[in-house]
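Student: Chains Y and B, in that order, give the protein sequences. Position one of the first sequence corresponds to residue 1 (our numbering), numbered consecutively onward. Position one of the second sequence corresponds to residue 496 (our numbering), numbered consecutively onward.
Just so you know, these hints were derived from the structure itself, not from any lab. You may find that some hints are simply not true.
[Claimed, not checked] Just some of the chain Y residues that point at chain B, by a computed CB distance under 8 angstroms:
hint : residue
1    : Phe-216
2    : Gln-218
3    : Gln-220
4    : Ile-289
[What the hints assert, rightly or not] Simulated coverage check for chain Y against chain B, where a stretch passes if three residues somewhere in it have a Cβ under 8 angstroms from a Cβ of chain B:
hint : stretch
5    : 74 to 82
6    : 207 to 213
Model, not experiment: these values are computed from the prediction. Quick reminder that beta carbons are idealized off the backbone N, C-alpha and C, glycines included.
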Amino acid sequence: MERWQIIGLIIAVYLGVTLSIGLLSGRRASKSVQGYVAGDRDFGLLVMYFVLGASVFSAFAFLGGPGWAYSRGAAAFYILCYGVLGMTPYFFIGPKAAELGRRNGYVTQAQLICGRFPSRLLSVLIATLTLIAFLPYITLQMRGAGIVIEAVTDGNVPLWAGAAVAYGVVMIYVLFSGVSAVGWTNTFQGFFMLAIAWSLGLYLPIELYGGVGQMFEQIQAERPELLTVPGLTASGDPWSWGGYSSAIIVSAVGLMMWPHLFMKAFTARSDRTLRRTVVLFPTFQLFLIPVFLIGFAGVLYPASPESSDFILPFMILNSDLPAIVVGLFCAGALSASMSTGDSLMHAAASVTVEDGLGPFIKLSDQQQRRLIQGFVLITGLVAYYFAINDSSSLVVLLLTSYGLICQLAPPIVAALYWRRATTPGVAAGFAAGSGVAIFFFLTGYFGADLRPFDLHEGVLGLIVHVPTMIIVSLLTKPQPEACQAAFVELRENTK
Amino acid sequence: MGIRTVRWLTAVYMIAFLIAVTWPGFLLFNRVTPIIFGLPFNLFCIALFIVFGMVVLSLLYHSEQSHDDEKR
Chain Y
1 MERWQIIGLI
11 IAVYLGVTLS
21 IGLLSGRRAS
31 KSVQGYVAGD
41 RDFGLLVMYF
51 VLGASVFSAF
61 AFLGGPGWAY
71 SRGAAAFYIL
81 CYGVLGMTPY
91 FFIGPKAAEL
101 GRRNGYVTQA
111 QLICGRFPSR
121 LLSVLIATLT
131 LIAFLPYITL
141 QMRGAGIVIE
151 AVTDGNVPLW
161 AGAAVAYGVV
171 MIYVLFSGVS
181 AVGWTNTFQG
191 FFMLAIAWSL
201 GLYLPIELYG
211 GVGQMFEQIQ
221 AERPELLTVP
231 GLTASGDPWS
241 WGGYSSAIIV
251 SAVGLMMWPH
261 LFMKAFTARS
271 DRTLRRTVVL
281 FPTFQLFLIP
291 VFLIGFAGVL
301 YPASPESSDF
311 ILPFMILNSD
321 LPAIVVGLFC
331 AGALSASMST
341 GDSLMHAAAS
351 VTVEDGLGPF
361 IKLSDQQQRR
371 LIQGFVLITG
381 LVAYYFAIND
391 SSSLVVLLLT
401 SYGLICQLAP
411 PIVAALYWRR
421 ATTPGVAAGF
431 AAGSGVAIFF
441 FLTGYFGADL
451 RPFDLHEGVL
461 GLIVHVPTMI
471 IVSLLTKPQP
481 EACQAAFVEL
491 RENTK
Chain B
496 MGIRTVRWLT
506 AVYMIAFLIA
516 VTWPGFLLFN
526 RVTPIIFGLP
536 FNLFCIALFI
546 VFGMVVLSLL
556 YHSEQSHDDE
566 KR
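Chain Y extracted, bound-state conformation:
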């Protein structure tokens, strides 16, 4: 058997195991919307930990992370910095959202916001912006899977076929088992990714440089600019402190506001589970360090891949490892892509139906579930179309999606903690913040960078968002007492 065939076989076995886990996991879940979208609110600690952790280990972290370390050096460190900051508020917000979800039957984030601030416009606005932010994200996960498979099979399985097979598997298990499949496959894939990140992250520096410390000493001697923050930009110029710092802030604010992550509050079995997940979550940030080591190992390597995103498969293929090991590594990279992609596809479809269409048409539970499954299919096909065509412009979109997602934070905080917030205030703030973020993104995209201090457009959006929300809220009539109390005083009432 040829080398690429052995690798292909291992990938096939991996995909088979993932598919069976995905299909088996859904058998216990109820056939309702709650079962499909919120896993009957019965996820335990192990599954919650990996569901949220796997999202950190997306194709971006697995392919992009080493790529950043390789080409932009210490700029990649920002990816480590926002996890703890972003997760901590969830310690309080998560259980509160979960309680409201149990009481009022919420399964999405917009349902929670619009439960406090009833507005169909707001619901649709949130659903639309979510989809705009999700599509490039899903597309890049798919493309990542295709790239890995094409690279390791010497091109015998082209990108389009690799992406189709990997995401065909994802589509089947998400369609049949919903969020239960996302949870259990992520657990399996999580173990896989961690094992691979650590073994490769330690193996490569030792093999090529004699040790991790020696590797950094050599890089320090030859390319010292790579090892001090804020590192370099994609074009190789020094990155600004404003850009680096605001990237951390936007990511921290936005991290848990991603609907596919926030919605997982509704899947947790208990508050205790949610809180424990928050405490353990930062371990995944530490697990990213060996992933960066893979990228740094490529810095002084004599040859270089055609694009910095390919540094991981490139280093694997040039490392003279046996075919079986290479196959396992590739399965790990696929895990990273698929475990994020499944969650995104599932959330995109749920949000479209529950928040985009839900407020306008009355549907039975059965119909909603069917419709969500239909949209999983549609989302998958649209993303696939972009993934196999040139998607270079989508990378730019992805960078700005955090700017949109972090605009969900003020409405959530206001809904749960601020009595005086009103529906017009929240809607105006959200629209203004997103508008500002989009404005700075578009002007930058068309060549006129107007951002002060190189700040991320999401931060600029928030600077406009929060005052707008506060001022408009104070100028409009307060909400009825009962409506505020149901959300804000929740904790006190339940105990």
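Mind docking chain B on chain Y? Use the hints.
Tutor: What follows is chain B alone, placed relative to chain Y:
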């Protein structure tokens, strides 16, 4: 420690964390040497902040959990 103290401690730590990893706080740690556990000094510091963050969070967890248990 009372529940309020622990909540304050968490908030203070997280704000300190934010200042320490962004401009200008990170200028204090932004050196390559000494290399500790094979990691450049700045990367090692970030890792250390994350570990301390987990310690603070687990403290918060125990305090909130025992607070809830008392109420029940």
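Student: Identify every previously stated hint that the structure contradicts and give their numbers, smallest first.
Tutor: 2
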